[in-house]
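Let's have the full structure, built from the sequences with the hints guiding it.
Chains A and B, in that order, give the protein sequences. Using our numbering, the letters of the first sequence map in sequence onto residues 1 to 245. Using our numbering, the letters of the second sequence map in sequence onto residues 1 to 277.
Honestly, the hints are just simulated from the structure, not real lab data. Hints are not guaranteed to be accurate.
Straight line, CA to CA, 16 Å or less: simulated EDC-like cross-link-like pairs of lysine to aspartate or glutamate [as the list claims (entries may be wrong)]:
no., chain 1, residue 1, chain 2, residue 2
1, A, Lys211, B, Glu59
2, B, Lys78, B, Glu17
3, A, Lys122, A, Asp60
4, A, Lys24, A, Glu55
5, B, Lys2, B, Glu243
6, A, Lys40, A, Glu152
7, A, Lys211, B, Glu27
8, B, Lys128, B, Asp211
9, B, Lys15, B, Asp211
10, A, Lys220, B, Asp211
11, A, Lys211, B, Glu17
12, A, Lys211, A, Glu195
Pair by pair, the computed Cβ-Cβ distance ranges are [said to hold, decoys possible]:
no., chain 1, residue 1, chain 2, residue 2, range
13, B, Lys128, A, Asp76, 48 to 54 Å
14, A, Ser205, B, Pro65, 27 to 33 Å
15, A, Arg189, B, Lys32, 41 to 47 Å
16, A, Thr192, B, Gln141, 38 to 44 Å
17, B, Tyr234, A, Ile72, 39 to 45 Å
18, B, Phe157, A, Arg242, 33 to 39 Å
With the Cβ distance kept under 10 Å, some of the chain A side facing chain B (calculated, not the full set) [claimed, not checked]:
no., residue
19, Ile215
20, Arg232
21, Thr233
22, Gly235
23, Ile236
24, Asp237
As the structure is a computational prediction, the values presented were derived from the model and not from experiment. In this text, a Cβ means the ideal position worked out from N, Cα and C, and glycines have one as well.
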Amino acid sequence: MLGLSGGIDSATVAALSSLAIGGKNVLALMLPEEENFSQKDIDDAKTVADLFQLETNICDMTEVMECFYEQIPVFDRKDRLCKGNVKARTRMIYLYYYANKFNRIVCGSSDKSETMMGYFTKWGDAAADITPILDLYKTQVRKLALHLRIPERLALKPSTPALWPAQKAETELGIKYEILDLILYGLERFMTPEEIASQLKIEKSTVENVKRRWIGNEHKRRMPIAPKLGFRTVGIDFRLPRHTY
Amino acid sequence: MKDKIKIALAQISSKREDKEANFQKIEKLTVKAKEQGADLAIFPEMSLTGYVVHDQFYELAETVPGPTVEKAEALAKKAGMHIIFGMPELSEKTQATVFNTAVFVGPQGLIGKYRKMYLPTHSVFEEKRYFRPGYQTAAFQTGLGNIGLCICYDIFFPEVLRLIRLKGAQLIVCISASPAVRRSYFETLTSARAIENTAYVAYVNLAGVQDGLQFWGGSRLVSPNGDILAKAKYDEEDFLTCEVDFSDLRTAETFIPTLRDLRPELFDKLKEYAELL
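This is how it looks when you write it as structure tokens:
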């Protein structure tokens with residue numbers, strides 16, 4: 001079960017899923033809604049679905065979203081961040097409903113760049129059962145996409161979470177993925193901001209900003225914080241196999 | 001060596017990853033300790049960096065001596081104080097080999113350091129993931145007397161404090177970062193180690209919450225016969241001074257003469273059986 005947005009991450013995950021279990025076993029859900037409807041994204045998603053012979057389903061979320069806007073007493077339509085997060089979480093509800101109903105697992109499309117930067121919605125797009133490209137930086141995902149024969153125009157198109165019109169990931173992050181990924185790669189390998197800045201010939205403050213954001217968002221990547229009271233505590237020191245099968 | 005010394009138990013809450021802020025706190029409380037007539041100020045395990053910093057230990061670690069220790073030496077000299085604090089120590093010979101270290105400085109400079117021997121790696125602890133264990137117990141002859149150092153989980157191993165005592169330490173300092181669920185163990189063990197070694201045990205624990213982990217504080221000075229002479233508040237920052245009267249050791253050593261009654265041949269057996277466990 002996966003959400004297919006027409007973007008590079010979900011296209012890559014769709015391709016990998018198809019290779020792994022066959023396209024007929026992958027249900028790709030397209031979840032357009034009025035506010036940032038893009039026929040081009042729908043077409044791109046269909047291209048991927050055709051290419052990898054996926055089963056598809058399309059659900060227009062417009063009325064559901066409108067319902068949230070109307071029914072949440074304090075809803076502020078002008079606050080696009082809060083509103084956008086509702087959108088990401090609503091997509092999650094659709095995906096998990098389908099997964100639940102048809103006994104599937106949700107395949108997430110988070111990549112390493114956005115996950116390290118905390119550039120995702122908690123319990124929204126990050127919610128998944130498996131995450132095949134979580135350990136690949138965006139620039140690596142693009143290369144993998146090309147390797148998987150995803151069309152170049154799709155593999156190289158600017159990333160967007162599509163939470164509001166004209167939203168662009170690189171604009172919001174304030175940095176090109178080509179630079180961001182190298183900074184994150186350096187931080188991953190315990191390099192200091194000085195070393196990274198010197199090797200990339202960029203300002204140290206750029207590296208420090210990325211580092212601050214990476215570390216400051218760890219709470220989004222972990223189980224909720226809990227007071228340690230017991231002998232072993234969920235999310236802290238229970239260390240059990242993830243699956244019993 | 002003095003007959004009596006006054007020590008300060010500086011039970012602080014460290015700010016994670018902020019060496020500057022934590023050192024400022026160490027500085028302020030060292031001056032306060034001096035003003036209250038103390039000779040020695042003791043700060044908790046990893047008081048310089050915070051305890052729950054995970055991978056950031058690599059970045060925060062410094063050599064000993066190194067920049068922070070130099071600052072501590074200058075502080076000790078200026079204040080005319082002895083100071084013990086905890087920090088991640090970077091080996092001088094490598095670039096990423098780190099120890100969990102207690103640093104001991106005095107008015108004359110660096111007295112010594114102790115690298116934690118027993119690194120807890122169970123429950124919430126992941127010390128072996130980051131630290132190399134130390135191989136030497138530490139007891140230092142100072143102007144204040146013979147003072148030994150150990151760190152937190154070391155206190156669960158009676159042989160560590162026994163060895164420190166046999167090296168001559170009459171005051172054993174245990175700096176700690178102990179979370180709340182372990183309070184009863186430490187409360188028992190600090191007294192037990194003092195009694196069985198007829199030595200003073202000064203225990204200084206972190207306070208406050210780091211990444212959801214509550215450190216229980218409860219720092220204390222335990223006399224050689226097990227009396228708790230001073231006890232800091234639970235869970236929150238506290239600061240208190242108390243007196244170590246070395247002449248009390250004579251009474252304790254004669255009343256329950258555990259050192260006189262030591263049986264060295266059992267230690268050979270311990271080694272033999274520990275290897276067979």
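How the hints compare with the structure:
no.	hint	in the structure
1	A:Lys211 <-> B:Glu59	holds (13 Å)
2	B:Lys78 <-> B:Glu17	violated (26 Å)
3	A:Lys122 <-> A:Asp60	violated (22 Å)
4	A:Lys24 <-> A:Glu55	holds (6 Å)
5	B:Lys2 <-> B:Glu243	holds (12 Å)
6	A:Lys40 <-> A:Glu152	holds (15 Å)
7	A:Lys211 <-> B:Glu27	violated (29 Å)
8	B:Lys128 <-> B:Asp211	violated (19 Å)
9	B:Lys15 <-> B:Asp211	holds (11 Å)
10	A:Lys220 <-> B:Asp211	holds (13 Å)
11	A:Lys211 <-> B:Glu17	holds (13 Å)
12	A:Lys211 <-> A:Glu195	holds (13 Å)
13	B:Lys128 <-> A:Asp76: 48 to 54 Å	holds (50 Å)
14	A:Ser205 <-> B:Pro65: 27 to 33 Å	holds (31 Å)
15	A:Arg189 <-> B:Lys32: 41 to 47 Å	holds (42 Å)
16	A:Thr192 <-> B:Gln141: 38 to 44 Å	holds (39 Å)
17	B:Tyr234 <-> A:Ile72: 39 to 45 Å	holds (43 Å)
18	B:Phe157 <-> A:Arg242: 33 to 39 Å	holds (34 Å)
19	Ile215	holds (8 Å)
20	Arg232	holds (7 Å)
21	Thr233	holds (8 Å)
22	Gly235	holds (9 Å)
23	Ile236	holds (6 Å)
24	Asp237	holds (5 Å)
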